[in-house]
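For the protein sequence lines, the chains are P and E, in the order given. For the first sequence, my numbering assigns the number 188 to the last residue and increments by one with no breaks. For the second sequence, my numbering assigns the number 233 to the last residue and increments by one with no breaks.
Keep in mind that the hints were calculated from the coordinates and are not lab data. Careful: at least some of the hints might be erroneous.
[What the hints assert, rightly or not] With the C-beta cut set under 10 angstroms, the calculated list includes, among others, these residues of chain E facing chain P:
no.	residue
1	Gly-40
2	Ser-215
3	Glu-218
4	Arg-222
[As the list claims (entries may be wrong)] Anything over 12 angstroms on all C-beta distances counts as not near chain E; from chain P, calculated:
no.	residue
5	Ser-59
6	Val-90
7	Thr-144
8	Glu-173
9	Leu-182
10	Val-186
Note that CB positions come from ideal geometry on N, CA and C, so glycine has one too.
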Amino acid sequence: MSIGHALLGLLEGGPRHGYDLKRAYDERFGQDRPLHYGQVYSTLSRLLKNGLVTEAGVEAGDGPERKRYAITDAGVTDVERWLSTPEKPEPYLQNTLYAKVVLALLSGRSATEVLDTQRAAHLTTMRELTRRKADGDLADQLICDFALFHLEADLRWLELTAARVDQLAAEVMR
Amino acid sequence: MSLLRAEGLSKSFGKTHALEDAGITIRAGEVVAVMGPSGSGKSTLLHCLAGILPPDRGTVHYRDHFGSDRELTAMNDGERSELRRTEFGFVFQFGQLVPELTCLENVALPLRLSGMKRKNAERAARDWLARLEVDGVADQRPGETSGGQGQRVAIARALVTGPKVIFADEPTGALDSLNGERVMHLLTTAARETGAAVVLVTHEPRVAAYSDREVVVRDGRSRDVEFAR
Ligand SMILES: Nc1ncnc2c1ncn2[C@@H]1O[C@H](COP(=O)(O)OP(=O)(O)OP(=O)(O)O)[C@@H](O)[C@H]1O
Ligand SMILES: [Mg+2]
Chain P
15 MSIGHALLGL LEGGPRHGYD LKRAYDERFG QDRPLHYGQV YSTLSRLLKN GLVTEAGVEA
75 GDGPERKRYA ITDAGVTDVE RWLSTPEKPE PYLQNTLYAK VVLALLSGRS ATEVLDTQRA
135 AHLTTMRELT RRKADGDLAD QLICDFALFH LEADLRWLEL TAARVDQLAA EVMR
Chain E
5 MSLLRAEGLS KSFGKTHALE DAGITIRAGE VVAVMGPSGS GKSTLLHCLA GILPPDRGTV
65 HYRDHFGSDR ELTAMNDGER SELRRTEFGF VFQFGQLVPE LTCLENVALP LRLSGMKRKN
125 AERAARDWLA RLEVDGVADQ RPGETSGGQG QRVAIARALV TGPKVIFADE PTGALDSLNG
185 ERVMHLLTTA ARETGAAVVL VTHEPRVAAY SDREVVVRDG RSRDVEFAR
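Chain E with its partners taken away, still in its complex shape (with noise of 0.2 angstroms):
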């Protein structure tokens, strides 16, 4: 049964075509690879995936943690803004922590925003530092730490709230070959063990290669094999 299900996706900006009539379905726990060539369309049907972008024709259903099916192309940015909080995580190739705030802050905000009491937060915060093996760092900010290092922190912060779903787009795409692998396993080996799904752009085979099936992308057309029937 598919958890996120997209059909006939379009948007475009101005005169791009980013997508055109583009599908993907995505089942619970699965990692799924969207490749395909730079500018295909590859980020904009993530975006729209996971309701960051609202497309400009087609829709996307969710399936949400009490089995409802939810819409997300029907809902206001406030209902869309909250679903995104509650049930996905977000890693992306650099600059999604907050520069002022230490690692551990960083990977607790999520539980926090959500109401959590910054005792309870600070802890399950360290428990995934720890899972990415990163404890090291929980004192440092951002800046202050590797390129892998900050990977591992967006990672545990995107893991924190127990998401549904995990959408990484080019999440080793700064990082050296033996990092980005690195990166990848500890990724994909948090989402298995606790059941997220992973929606994985990515440019590089070697990467793609963590993932159960690939879809690929080319001219803003997907080509979801598994689903093409």
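The following block holds chain P by itself, in its conformation from the complex (with noise of 0.2 angstroms):
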């Protein structure tokens, strides 16, 4: 996720705080990964730098917290880039349970095993999401949807390989 792009996005509804950009974000966005004030500071500076937000007046008592930040013309531009440039879909063809099953298939070890724990891990959390979906309100539910649709699809690659692992056997001990 681009913090600086989503800080962006919150500041084109008007002028805000550090402080308060921190709490629309981590309403909005930090479900599970909260922004650190470190992190909002370091990007606030970084998008003053670029000329993206100005500093639209400071309160009495300084101090960082106090600085109000507005987004400029060249910011409202590069959110407008940020939104309509699509987002690289992403392979995963790094993917560790392929590497796992292939060595305990090297191994001599049972692969159905890893894949059968694999499965049970990803159900059990899937579980989680699903209750969580349950309880929250529609901006939960949306997020708990990606996720789930995404373990989703892991197990049922899971499932496939489960079904070839004789067929994967033969190819990788010959």
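Once you've looked at the hints, go ahead and assemble the two chains, each given alone in its own frame, into the complex.
Printed below as a string of structure tokens:
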């Protein structure tokens, strides 16, 4: 996640303090990973240096928390560019699970055991997300669904591989 | 303590060994997902467990609401169908509602078959339709409802008799993700509220995620992780 772009996007709603920005970010996007203050201020000073935000007044009793930041025209253009550029589809080709399966086969261990253990762990996490979804609002649901669909894709791969484990063993041992 | 327990189940169809020494244990009120590849024997296991299909070998024991142990595999057809009617509920992928009856009449049907008066049966049926958020289709026939609405009506019908076990074979198989999840949420919530156990056959991980635990079937053998020892 590009934190800089997310903060810029939040600033489009109007100038805010660094502390305010952190709170707004955490509330919307920080479910599992809230921002550190350090991250917020280092990001803001970078945006400031690049002319994407400006200081919009300092309140009495200085210290960095007192500064308000506002987005500039260049900042708005930057957010626009970010939103209209697709994220690179991540093909996840460096797959640890695949390596574990192959190494289990090469060493004469049970690859099925590796796959079953992983499957159980995946389903346990999927159950937690499903429960969280049931108790949450629409934002929670959408965030959990994103994770659930990805975990489901992993699980489908685990199943497919389990069904082909004998075939894979024959190829690996050749 | 187990509510339903199957041991050493084998079942062949001609040369096909659908089940080979399969076992599974279901406790009162738990939701168990039965997963595994197509053709691995999931539906056959469910049918044997529910007393729809007699296995070639093996036993199925059920503890009824009086707390007495009853062996399904030792009952005759009449006893088994009586047990299914009074203690079990069923939800399949589709085709389980009577097309000539309205949705309300469909849900009331199991109660009517048990001798309940029409008025009382339909009142209970209406309550269940409302709990599953489909009271709006009460007077429509199943053919006039959407897939998701039809499944909710089928779940209402499965729950209306207060069963101890719901057997569900791919209950969301014909639905899109959003409707499927809604149906799973309503089914598991209702089952938890009434204390019914659910045996849920599915190959969809997101559907299985509504369960408390899973049992994997491969080549007719079940792997009941929790009860393997
Ligand atoms: N009535 C039947 N007559 C003949 N063969 C059958 C019958 N029912 C099941 N089988 C066979 O038994 C095996 C197990 O079938 P079953 O329906 O239990 O699989 P399943 O795991 O439910 O598959 P799916 O995910 O495709 O529904 C399959 O090879 C199937 O072809
Ligand atoms: Mg099946």
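So, going through the hints one by one against the coordinates:
no. : hint    : in the structure
1   : Gly-40  : holds, 9 angstroms
2   : Ser-215 : holds, 7 angstroms
3   : Glu-218 : holds, 6 angstroms
4   : Arg-222 : holds, 8 angstroms
5   : Ser-59  : holds, 43 angstroms
6   : Val-90  : holds, 35 angstroms
7   : Thr-144 : violated, 4 angstroms
8   : Glu-173 : violated, 7 angstroms
9   : Leu-182 : holds, 16 angstroms
10  : Val-186 : holds, 21 angstroms
The earlier numbered hints that this structure contradicts are 7 and 8.
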